[in-house]
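Visitor: Full structure from sequences and hints, please.
Top to bottom, those sequences are chains A and B.
Numbering of the first sequence is given in our numbering, commencing with residue 75 and proceeding in unit increments.
Numbering of the second sequence is given in our numbering, commencing with residue 50 and proceeding in unit increments.
No incorrect hints appear here.
Computed cross-link-like contacts, DSS-like style, restricted to lysine-lysine with a CA-CA straight-line distance of at most 25 Å: (1) K177/B to K567/A; (2) K484/A to K111/B; (3) K583/A to K172/B; (4) K107/B to K567/A; (5) K175/B to K567/A; (6) K583/A to K113/B; (7) K552/A to K111/B; (8) K107/B to K551/A; (9) K111/B to K551/A; (10) K107/B to K548/A; (11) K583/A to K111/B.
Here are some of the chain A residues that sit facing chain B, going by a computed Cβ distance under 8 Å: (12) K469; (13) N470; (14) D471; (15) H476; (16) L481; (17) K485; (18) E488; (19) V489; (20) G572; (21) Y575; (22) D576; (23) I579; (24) K583; (25) D584.
Derived from the structure by calculation, the hints contain no laboratory data.
A virtual CB, placed ideally from N, CA and C, is assigned to each residue, including glycine.
The residues making up each chain are set out below.
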Amino acid sequence: MSKEKKCFIIGIGGTGMRCLETFTHMCAMGLYDGMEFNVLTLDTDFTNGNKNRTENLIKDYNNIKKTSDSENGAANNDSFFSAKINLFEFVTDYNANGRKRFSELTNLKSENDDFSDSKLLSELFLSEDVQNFDLSHGYRAQTHLGSYLMYHAITDLAKKLKSGVDIKDGEKQFEQFLNLLYNAKDDARIFVFGSIFGGTGASSIPVIPKALNDALDIYGDGKMFIGKDAKFGATLLTEYFKFKKPADSQKSNRDNAIIADSSFFTLNSQAALQFYQSDPTVKKTYQKMYHVGWPIDPVDYSKGKNESKTITGGEAQKNQCHITELMCGSAAWDFFHSDRFLSETESVYLYKSVRYEDNSLNLTKDDFIGDGDNGELFGKKFGNFVAFMHLVLTKNDGALGHDGVNLLLKKIGEVTDTYSALDQQYTTLLTKYFRSFGYSIDKGVFTPGWLYQIKNSVTGKLVLDSSAWTTVTKELKKLDAGQLFTEKELHWKSKFIGGSYDPFISTLKDDDTLPENNKNQNANVTHEKFIAHIYNSINASINK
Amino acid sequence: MNNVFTILLIVQKKMNLRDIDGLVTNTYMFAVITAIVMLGLAILVASMIQYQSGASPKDRMKRKMWFWILGILTPIIFYVYNLTMVMPNIKAGPAMNKFFTHSALSPVVAFAIFVILGVVVSKIFKRKKVGNWFNKVN
Chain A
75 MSKEKKCFII GIGGTGMRCL ETFTHMCAMG LYDGMEFNVL TLDTDFTNGN
125 KNRTENLIKD YNNIKKTSDS ENGAANNDSF FSAKINLFEF VTDYNANGRK
175 RFSELTNLKS ENDDFSDSKL LSELFLSEDV QNFDLSHGYR AQTHLGSYLM
225 YHAITDLAKK LKSGVDIKDG EKQFEQFLNL LYNAKDDARI FVFGSIFGGT
275 GASSIPVIPK ALNDALDIYG DGKMFIGKDA KFGATLLTEY FKFKKPADSQ
325 KSNRDNAIIA DSSFFTLNSQ AALQFYQSDP TVKKTYQKMY HVGWPIDPVD
375 YSKGKNESKT ITGGEAQKNQ CHITELMCGS AAWDFFHSDR FLSETESVYL
425 YKSVRYEDNS LNLTKDDFIG DGDNGELFGK KFGNFVAFMH LVLTKNDGAL
475 GHDGVNLLLK KIGEVTDTYS ALDQQYTTLL TKYFRSFGYS IDKGVFTPGW
525 LYQIKNSVTG KLVLDSSAWT TVTKELKKLD AGQLFTEKEL HWKSKFIGGS
575 YDPFISTLKD DDTLPENNKN QNANVTHEKF IAHIYNSINA SINK
Chain B
50 MNNVFTILLI VQKKMNLRDI DGLVTNTYMF AVITAIVMLG LAILVASMIQ
100 YQSGASPKDR MKRKMWFWIL GILTPIIFYV YNLTMVMPNI KAGPAMNKFF
150 THSALSPVVA FAIFVILGVV VSKIFKRKKV GNWFNKVN
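Guide: In structure tokens:
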């Protein structure tokens with residue numbers, strides 16, 4: 075594995091955003107120790123709920139890591155929040171006048187000749203409805219249109235960036251991303267998150283390597299390009315959710331004449347897989363493609379929402395996270411950590427199977443990034459971060475609206491003033507992060523964060539003991555953060571009365587757990603030391 | 050243990066002025082021992098109080114409270130001991146007069162020793178639970 079590798083991640087569309095959300099939480103767990111990522115969020119809709127949720131999460135992550143020297147902090151080792159993430163956004167703005175539909179974008183509308191080449195060509199491939207629906211909520215499963223538009227949105231922006239005229243802030247971010255990609259040359263490793271059954275992601279995955287390369291070519295006046303040895307990877311995520319079927323009444327106006335229908339998602343997936351299997355450009359550009367599927371009934375995102383019509387996008391599209399997205403995050407982990415198949419001249423399709431018995435899916439620590447040492451690593455990082463979450467949210471009432479991190483910090487404050495510089499703004503932010511990771515309780519109502527949303531999509535075991543997944547407030551109060559696993563050897567040291575919290579706090583107060591004694595962690599500023607201290611204490615608490 | 054034994058021997062018979070000097074020395078030594086024993090008890094109690102979590106943990110306050118309860122009990126127990134076990138065995142008159150001052154002073158000494166040793170132990174083991182005895186409560 076090259077030490078010089080430069081890591082890039084592109085999240086496209088609603089599913090791509092949720093995969094990025096998972097990726098961010100995996101960074102927080104410490105699964106990407108010491109690595110730096112340039113993350114590009116790519117969407118057609120800047121108001122999209124999933125996009126905003128993911129970008130806000132990454133911004134919170136970066137504010138947690140922020141130092142006086144760097145807006146996004148530094149990469150650390152053997153700790154939580156150990157990867158450095160640089161976020162870049164790009165939105166193909168279809169909200170402005172004259173950019174709302176294909177017919178407007180392509181100037182077809184203004185052409186008077188009904189038999190012009192452009193008109194005839196577009197009519198050959200695109201029905202009238204497809205040419206005229208509102209693009210501001212994405213490509214609505216019209217991938218033949220979406221691929222064309224996404225490619226042109228990227229190359230058009232490259233032309234604009236080259237001209238240097240009237241460049242907006244958001245567009246500058248794409249320029250920075252392009253420059254980083256160019257500077258990475260052959261060391262670039264680019265991973266793309268997105269679905270292949272929907273609209274924006276499915277449209278973009280096949281064209282994104284070529285679109286970025288052509289954008290660099292335009293921007294650099296023929297002198298810039300993606301390195302020949304740069305590696306591309308992507309998820310081939312087939313259908314795993316459904317939503318309300320659009321009613322004819324909703325499709326009666328021109329803007330909504332085309333609405334994605336989830337009953338066709340299986341067909342879309344099949345067609346997409348056939349395409350990936352046979353398209354020479356895709357096979358040449360992507361080295362590794364991870365086939366992630368969902369063999370059980372798709373989850374219904376409209377269930378219990380009492381929606382009067384199909385949600386096509388926008389702020390309302392804020393879907394729950396799903397275990398397949400954690401599988402996609404794990405695929406990215408493999409791509410960035412393993413050199414296997416990277417020298418192949420044609421795409422390699424990777425998959426792994428999991429156990430499905432007695433109508434339930436059971437997932438152990440060995441089912442994500444591999445078994446053996448990788449399984450141990452996943453179990454340790456996942457379990458330890460969930461335990462940290464419970465220390466903040468469950469033991470110190472962070473879920474109930476208190477600043478759980480501050481209360482935990484006060485326990486350490488009894489013995490050292492090392493962390494006195496951590497202000498309430500920081501502890502509040504970290505507590506907030508844990509709420510989005512774990513859960514919150516408002517007026518007795520349990521609201522699941524990422525972790526419990528993921529668990530909701532798994533009917534059987536998910537890494538931890540079933541008792542660790544309770545959502546009942548009374549049972550949560552009694553939950554022992556040191557006894558989340560079924561395996562006793564992974565439990566923390568505990569007392570017959572009072573469980574593991576008392577010994578954990580004693581460990582936390584020991585000199586041995588100070589990050590100063592572990593220089594490898596690269597914890598230099600106060601908040602990095604605090605996080606590393608908690609990490610060390612949790613590790614030291616585990617029975618061995 | 051020797052001090053306890055000596056005192057027990059002395060109190061078996063009524064003491065006069067000649068025996069008082071030895072009794073006073075032993076009383077102060079016993080006061081020190083009582084303070085140490087009570088401090089040991091305070092350490093035990095502090096260790097048994099579990100760290101509490103949540104918005105208003107009471108564990109630190111409980112350790113402080115038990116330290117001072119045992120601290121206050123130290124002179125009381127020692128004075129009651131002198132009053133019930135030692136003084137009835139001293140002859141009234143000059144012997145009693147001489148011992149009376151020390152019987153009042155020795156519980157104060159026991160208390161002072163308890164507090165001073167408590168401060169020392171608390172500062173030495175500031176990362177342990179006994180470190181809470183003299184911490185500021187946030």
